[in-house]
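Below are the chains, spelled out letter by letter.
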Amino acid sequence: MKSSVITFPGSNCDRDMDVALKKFGFKNKMVWHDDAELPKSDLIVLPGGFSYGDYLRCGSMASKSKIMKSVINFANSGGMVMGICNGFQILVETGLVPGVLLRNKYLEFICKNVFVKINNKTNNYFSNIKNEVLEFHIAHNEGNYFCTKDQLKEIEDNEQIAINYCNENGKIEEQFNPNGSIKNIAGIFNKEKNILGMMPHPERMIDNCLSGEDGSIFFNNLINNLK
Amino acid sequence: MIVNEQVAINHGLKKDEYAKICELLKRTPNITELGIFSAMWNEHCSYKSSRLHLKKLPTKGKKVIQGPGENAGVIDIEDNDAIVFKIESHNHPSFIEPYQGAATGVGGIMRDVFTMGARPIANLNSIHFGSPQHKKTKNLLRGVVHGIGGYGNCMGVPTVAGQTSFDSSYNGNILVNAMTLGLVKKDKIFYSKATGLNKPVIYVGSKTGRDGIHGASMASASFDDKIEEKKPTVQVGDPFTEKLLLEACLELMAGDSIIAIQDMGAAGLTSSSIEMASKGNLGIEINLNKVPCRETKMTPYEIMLSESQERMLIVLENGKEKQAKKIFDKWNLDFAVIGKTTNSKKIQLYFDNEKVADIPVNTLVENSPMYDRKWKKGKLPKKNKIKKGDLKNFKIIDVLKKVLANPNICSKDWIWQQYDHTVMGDTVQKPGGDAGVVRVHGTNKAVAASVDSSAVYCWAHPLTGGKQVVCESFRNLIAVGAKPVAITNCLNFGSPENEENMGEFVECVHGIGEASEYLKFPIVSGNVSFYNQTKDEGIKPTPTIGGVGLIKDYNKMITMDFKEIDNVVLVVGKTEGHLDQTLFARNILNEKNGPPPEINLFNEKNNGETLLKLIESNLIKSAHDVSLGGIITAVAKMCIKGKKGINLNKPKYLINELEYFFGEDQGRYIIEVSKKDLKKVTDILNKNAVHFDELGTISENELYIDDKTKVTIDELTSSNTKWLTDYMSN
Chain A
419 MKSSVITFPG
429 SNCDRDMDVA
439 LKKFGFKNKM
449 VWHDDAELPK
459 SDLIVLPGGF
469 SYGDYLRCGS
479 MASKSKIMKS
489 VINFANSGGM
499 VMGICNGFQI
509 LVETGLVPGV
519 LLRNKYLEFI
529 CKNVFVKINN
539 KTNNYFSNIK
549 NEVLEFHIAH
559 NEGNYFCTKD
569 QLKEIEDNEQ
579 IAINYCNENG
589 KIEEQFNPNG
599 SIKNIAGIFN
609 KEKNILGMMP
619 HPERMIDNCL
629 SGEDGSIFFN
639 NLINNLK
Chain B
98 MIVNEQVAIN
108 HGLKKDEYAK
118 ICELLKRTPN
128 ITELGIFSAM
138 WNEHCSYKSS
148 RLHLKKLPTK
158 GKKVIQGPGE
168 NAGVIDIEDN
178 DAIVFKIESH
188 NHPSFIEPYQ
198 GAATGVGGIM
208 RDVFTMGARP
218 IANLNSIHFG
228 SPQHKKTKNL
238 LRGVVHGIGG
248 YGNCMGVPTV
258 AGQTSFDSSY
268 NGNILVNAMT
278 LGLVKKDKIF
288 YSKATGLNKP
298 VIYVGSKTGR
308 DGIHGASMAS
318 ASFDDKIEEK
328 KPTVQVGDPF
338 TEKLLLEACL
348 ELMAGDSIIA
358 IQDMGAAGLT
368 SSSIEMASKG
378 NLGIEINLNK
388 VPCRETKMTP
398 YEIMLSESQE
408 RMLIVLENGK
418 EKQAKKIFDK
428 WNLDFAVIGK
438 TTNSKKIQLY
448 FDNEKVADIP
458 VNTLVENSPM
468 YDRKWKKGKL
478 PKKNKIKKGD
488 LKNFKIIDVL
498 KKVLANPNIC
508 SKDWIWQQYD
518 HTVMGDTVQK
528 PGGDAGVVRV
538 HGTNKAVAAS
548 VDSSAVYCWA
558 HPLTGGKQVV
568 CESFRNLIAV
578 GAKPVAITNC
588 LNFGSPENEE
598 NMGEFVECVH
608 GIGEASEYLK
618 FPIVSGNVSF
628 YNQTKDEGIK
638 PTPTIGGVGL
648 IKDYNKMITM
658 DFKEIDNVVL
668 VVGKTEGHLD
678 QTLFARNILN
688 EKNGPPPEIN
698 LFNEKNNGET
708 LLKLIESNLI
718 KSAHDVSLGG
728 IITAVAKMCI
738 KGKKGINLNK
748 PKYLINELEY
758 FFGEDQGRYI
768 IEVSKKDLKK
778 VTDILNKNAV
788 HFDELGTISE
798 NELYIDDKTK
808 VTIDELTSSN
818 TKWLTDYMSN
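Order-wise, the sequence lines are chains A and B. The first sequence runs 419 to 645 under our numbering. The second sequence runs 98 to 827 under our numbering.
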């Protein structure tokens, strides 16, 4: 399986993602934001970080960079595109997934392990995962997902919610919501479910001696689903 | 502007220093030259009060590749890998403008590290605030934490450990010390020594603005009522540009075009160009019209003294300009050839076709002032007679809960959860333990780092305090299974012109030197911050030690959380029950006199090295050093982290229970051992003449001494975790 990770100026989880994808068998290529063409890929990843310093609005400058035209075309033709953290913010700015990401409710950067409940398993990202709940890691300042009531209805009707923040037993309640996201949303799909944007970093959970191993479950499953 | 003595005094120079400048130049300097002298001769850049004493510190060792004098120290961690590291203060700017002050402190220290060719792999910080009740404390703490996070998080470098304390002596002068570790190949280390004539001098990074002019001078003065006026001297950070600068520099460094490289930190273009010239025994000629400026009509004076961040100066091989420029263009950074190396041994500046400065380099560096300041020797305070009767009224569990909730002991989750501590995917020990540990990417090796200071001990007796901080750093590294390799120090003190403050400095440095020599734990880099005072009141002497150690196989790393029920818990090292200057004495008994606990360097070394042997032999399940709050506080933290309880034995000898449990005798560790290994462990301890006591056995969920003296771990957890979050949300 071939994957590509896009590096924007200010990306800082690009190497971590490269390490993770390779560990689970992807042949990964790093792609510079100023390139026009994407290498042939089964999966495109927009990594975490602070593209363009997040100075205008997180992800907004990156969403206009040269490579993104190709990424958008790739996504619109059904290609798998995954945005993690800043990558999710970029996806939102392109309009490939609905909604916006606001500043965390308590106005502070949060870096810690969280539990997420898989809400939809009829897609290439999560189908065949046995677990209902995964322990992931978050590290962000603007992960407070928000959308309009109409959008929310549409997202729910189309089953576009990918994962929600919850406790270790899968209970989705406000007290387990780290950043104030509407409905505890931690990640969403586009309507067709080939595009996934999520705040948690599975690439930081691929080793027991790091934060944990649930990221390994995610990547192992992902490559098997794509085969 | 006409330069005279008064103008020089306004620049922070002393009368005799100004006279010396005129004598060295054999003329009156112009305003640009005066600005350059004032920047180079202030305390921050010239170390004029400290140089004499710093020379005595041990800086050499088998593993030392580069000691003090470069941008950062470098140590050998084998297999052609080396670690570059340094700690630096950003105290004054952080008090005036906490967010930017702290942020640029972090940015500056990372630049020091990647200037040497190393990719930063871990950040640490040691931050000290006034009393929690002081009206400024909360906002300063919030601002500093946001600033450290804002910069480090954006750079994508994990912040893996730190230290936070509160003490009213910092009410008018907080401390922000930032430390960075970087990884480099031993044969790809870059230095600041310029060599060769007519080599192009290149400016890269951000444009120069008017921010931070006289920042280094501001850092060399005491605060008064007008500190708000000093806001414009605080630099403004742009971590995004620094991230680009990091990547661009490392890309350029992969080739062979750089002769020398130096970041523009304190005193900006002035100190960077002069240091490169001075180390290479060369001259440098700069055309200031070529310097990329952010603002219009900047004068030579402003260009030379600006402390705009995220800039570097490079001496390049001839003919490599085009190739180098291409890299900086790719990263959207300025790249300008602004001058060349010369054989004049002078710093010569041109602006609008006029020579605006012409100063022999040695007058700025070798001939800079050096003072043998008067200092007063501190006496060892008499031991306090704490009456045993006074202790009767205290119940151990009540005291323990108070101690765990004390601002200087309580859990600092609120702080470190705001720092990205897992980016780069190699953090194997997160903040909250004895030391942060990161893997050397792609290997089985790991590097442990810790920052420590003990202002109370240093204040009570500077010589003992100085030794103690080094020992504590040594212990924290050993407790995670790392072999201590070297240290960096950040020496935060009051005014060197005050004999008592100067005495504290001299004796702390002496103590640091003695311990570092004995423990073979050399000092490879550091920084001195004087004038940490408002009006006449100085801070408690606060030398901060950043220690670095090596773990050859990270699978053998130790954490402090209790692992398994029924395992046996020992305290390694002798317990005498020293109470003076302990948290218990100062905060519970309200007794602030007396000497700090004694340091026995032989025991310190022997206990530590023996513990390392035990760890090497896989005999230790968890370990934690005993520091503030004594044995029971250390044990309680291990219970909290491991979500386990303990059945504690009563002390078998001498002292009162409170002395036993809350005393802060040095050189001690708590270790967890499985029952089957107990004999092996005690045999090794005995064989090495290491004193130990059996403390108890791990249980389910209660800290239990007897039926009247017990508490659930949940209750202890809540005492330990609530204070800071509550404080910050009120």
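Hints were generated in silico from the structure; no laboratory data involved. Predicted model, so just to flag it, every value in this text is computed and none were measured. We put the beta carbon where it would ideally sit given N, CA and C, even for glycine. Possibly wrong hints are sitting among the right ones.
In silico lysine-lysine, DSBU-like type, Cα no more than 30 Å apart, as pairs [unchecked claim]:
1) B:K660 x B:K282
2) B:K423 x A:K487
3) B:K233 x A:K523
4) A:K589 x B:K660
5) A:K482 x B:K232
6) A:K548 x B:K423
7) A:K530 x B:K649
8) B:K738 x B:K660
9) B:K427 x A:K487
10) B:K738 x A:K589
11) B:K233 x A:K447
12) B:K232 x A:K523
13) B:K437 x B:K387
14) B:K427 x A:K482
15) A:K530 x B:K747
16) B:K498 x B:K112
Per the computed footprint, the stretches of chain B lying under chain A, defined by three or more beta-carbons under 8 Å from a beta-carbon of chain A, are [said to hold, decoys possible]:
17) 336-350
18) 657-669
Status of each hint after checking the structure:
no. : hint            : verdict
1   : B:K660 x B:K282 : violated (37 Å)
2   : B:K423 x A:K487 : holds (25 Å)
3   : B:K233 x A:K523 : holds (24 Å)
4   : A:K589 x B:K660 : holds (28 Å)
5   : A:K482 x B:K232 : violated (45 Å)
6   : A:K548 x B:K423 : violated (50 Å)
7   : A:K530 x B:K649 : holds (27 Å)
8   : B:K738 x B:K660 : holds (9 Å)
9   : B:K427 x A:K487 : holds (20 Å)
10  : B:K738 x A:K589 : holds (24 Å)
11  : B:K233 x A:K447 : violated (50 Å)
12  : B:K232 x A:K523 : holds (25 Å)
13  : B:K437 x B:K387 : holds (12 Å)
14  : B:K427 x A:K482 : holds (17 Å)
15  : A:K530 x B:K747 : violated (38 Å)
16  : B:K498 x B:K112 : violated (56 Å)
17  : 336-350         : holds (count 5)
18  : 657-669         : violated (count 0)
Violated hints, listed in ascending order, are 1, 5, 6, 11, 15, 16 and 18; each of the other numbered hints is respected by the structure.
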